[in-house]
Structure formats: C-alpha cells, structure tokens
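Asker: Could you build all of it, start to finish, from the sequences and the hints given here?
The opening position of the sequence shown corresponds to residue 1 in our numbering, with each subsequent residue numbered one higher.
No wet-lab data here; the hints were simulated from the structure.
All values derive from a computational prediction rather than experimental measurement.
All residues carry an ideal CB built from backbone N, CA and C; glycine is no exception.
Some clues are possibly wrong.
[What the hints assert, rightly or not] Pairwise CB distance ranges, derived in the manner of DEER restraints:
(1) G65 with Q1: 33 to 43 Å
(2) S17 with S56: 19 to 29 Å
(3) S7 with E88: 18 to 28 Å
(4) G65 with T113: 20 to 30 Å
(5) Q108 with N32: 19 to 29 Å
(6) F101 with G15: 36 to 46 Å
(7) S115 with T68: 14 to 24 Å
(8) L11 with R45: 18 to 28 Å
(9) Q44 with D104: 12 to 22 Å
(10) G26 with S116: 38 to 48 Å
(11) Q108 with L11: 35 to 45 Å
[What the hints assert, rightly or not] DMTMM-like mimics (lysine to aspartate or glutamate), calculated; alpha carbons at most 25 Å apart, straight line:
(12) K43 with D104
(13) K71 with E61
(14) K64 with E16
(15) K98 with D72
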Amino acid sequence: QLQLVQSGGGLVQAGESLRLSCLASGSIFSFNNVGWFRQAPGKQREPVADISRDGSTNYAESVKGRFTISKDDAKQTVYLQLDSLKPEDTGVYYCAHKRWFEYDLWGQGTRVTVSS
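Answerer: Here it is, written out as structure tokens:
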C-alpha cells in the first residue's frame with residue numbers, strides 16, 4: 001500500500017538548518033504534485049511549498065529565500081531544506097501528494113521546534 005513516510009525534523013536554534021524528507025513507499029510511484037504544509041500550535045495548517053512533476057515550485061511568502069523544496073524521482077523522495085530557521089517556523093510539518101485536484105495522501109507529520 002502506497003504511503004508517504006516522513007523523516008527529519010527536530011529541535012534547533014534560530015538560524016540553524018534542517019532537512020525534511022518525504023518518501024513514497026509501498027509501490028512504484030510517480031509524483032504529480034507534492035506539497036509541504038505546517039501547523040503551528042493553536043493555528044490552522046498552512047501551505048509552505050510545493051513541487052510539480054516538471055520541477056516547478058511554489059513557496060509561501062514567509063519562507064521564500066529560506067526554504068527549498070526538491071525531489072529525487074529515482075528515490076521517490078521529496079525534500080524540504082529549511083535554512084535560517086526562525087522561532088515562528090515551529091510546528092508539525094506534513095508532506096502530501098496531489099494526484100488530481102486535492103491533496104489526498106498525507107505523511108505522518110514531523111515536528112520542527114526552533115528555539116530563540
């Protein structure tokens with residue numbers, strides 16, 4: 001059964017970096033569009049970045065220039081590089097896959113905590 005398995009995350013200080021990974025496991029899989037989302041404590045989940053089959057990317061304004069989304073199709077993995085982290089980046093990060101019109105396959109979530 002196809003699933004998205006996340007890894008990475010952790011506790012870092014402001015200004016440091018992390019890399020999150022999202023592996024599609026269980027079957028041969030071709031990404032259509034994969035997005036990263038985050039949910040801060042007490043807030044709604046928000047989009048962070050996404051990457052399409054052709055490699056085009058989109059970023060939330062709050063992370064532009066600091067986060068980078070990429071993919072390795074051969075490894076069936078999408079990455080989110082988080083640089084220059086700020087305390088407001090703290091939250092649970094989720095990856096998700098959109099085949100057609102909505103994100104319908106989600107990872108388990110991974111926690112990122114940035115201390116000031």
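Asker: Each of the hints needs a verdict: does it hold here or not?
Answerer: Each hint, compared with the structure:
no.: 1; hint: G65 with Q1: 33 to 43 Å; result: holds (37 Å)
no.: 2; hint: S17 with S56: 19 to 29 Å; result: holds (24 Å)
no.: 3; hint: S7 with E88: 18 to 28 Å; result: holds (23 Å)
no.: 4; hint: G65 with T113: 20 to 30 Å; result: holds (22 Å)
no.: 5; hint: Q108 with N32: 19 to 29 Å; result: holds (20 Å)
no.: 6; hint: F101 with G15: 36 to 46 Å; result: holds (38 Å)
no.: 7; hint: S115 with T68: 14 to 24 Å; result: holds (22 Å)
no.: 8; hint: L11 with R45: 18 to 28 Å; result: holds (21 Å)
no.: 9; hint: Q44 with D104: 12 to 22 Å; result: holds (19 Å)
no.: 10; hint: G26 with S116: 38 to 48 Å; result: holds (39 Å)
no.: 11; hint: Q108 with L11: 35 to 45 Å; result: violated (18 Å)
no.: 12; hint: K43 with D104; result: holds (21 Å)
no.: 13; hint: K71 with E61; result: holds (21 Å)
no.: 14; hint: K64 with E16; result: holds (16 Å)
no.: 15; hint: K98 with D72; result: holds (17 Å)
Violation of the numbered hints given earlier is confined to hint 11; every other hint is satisfied by the structure.
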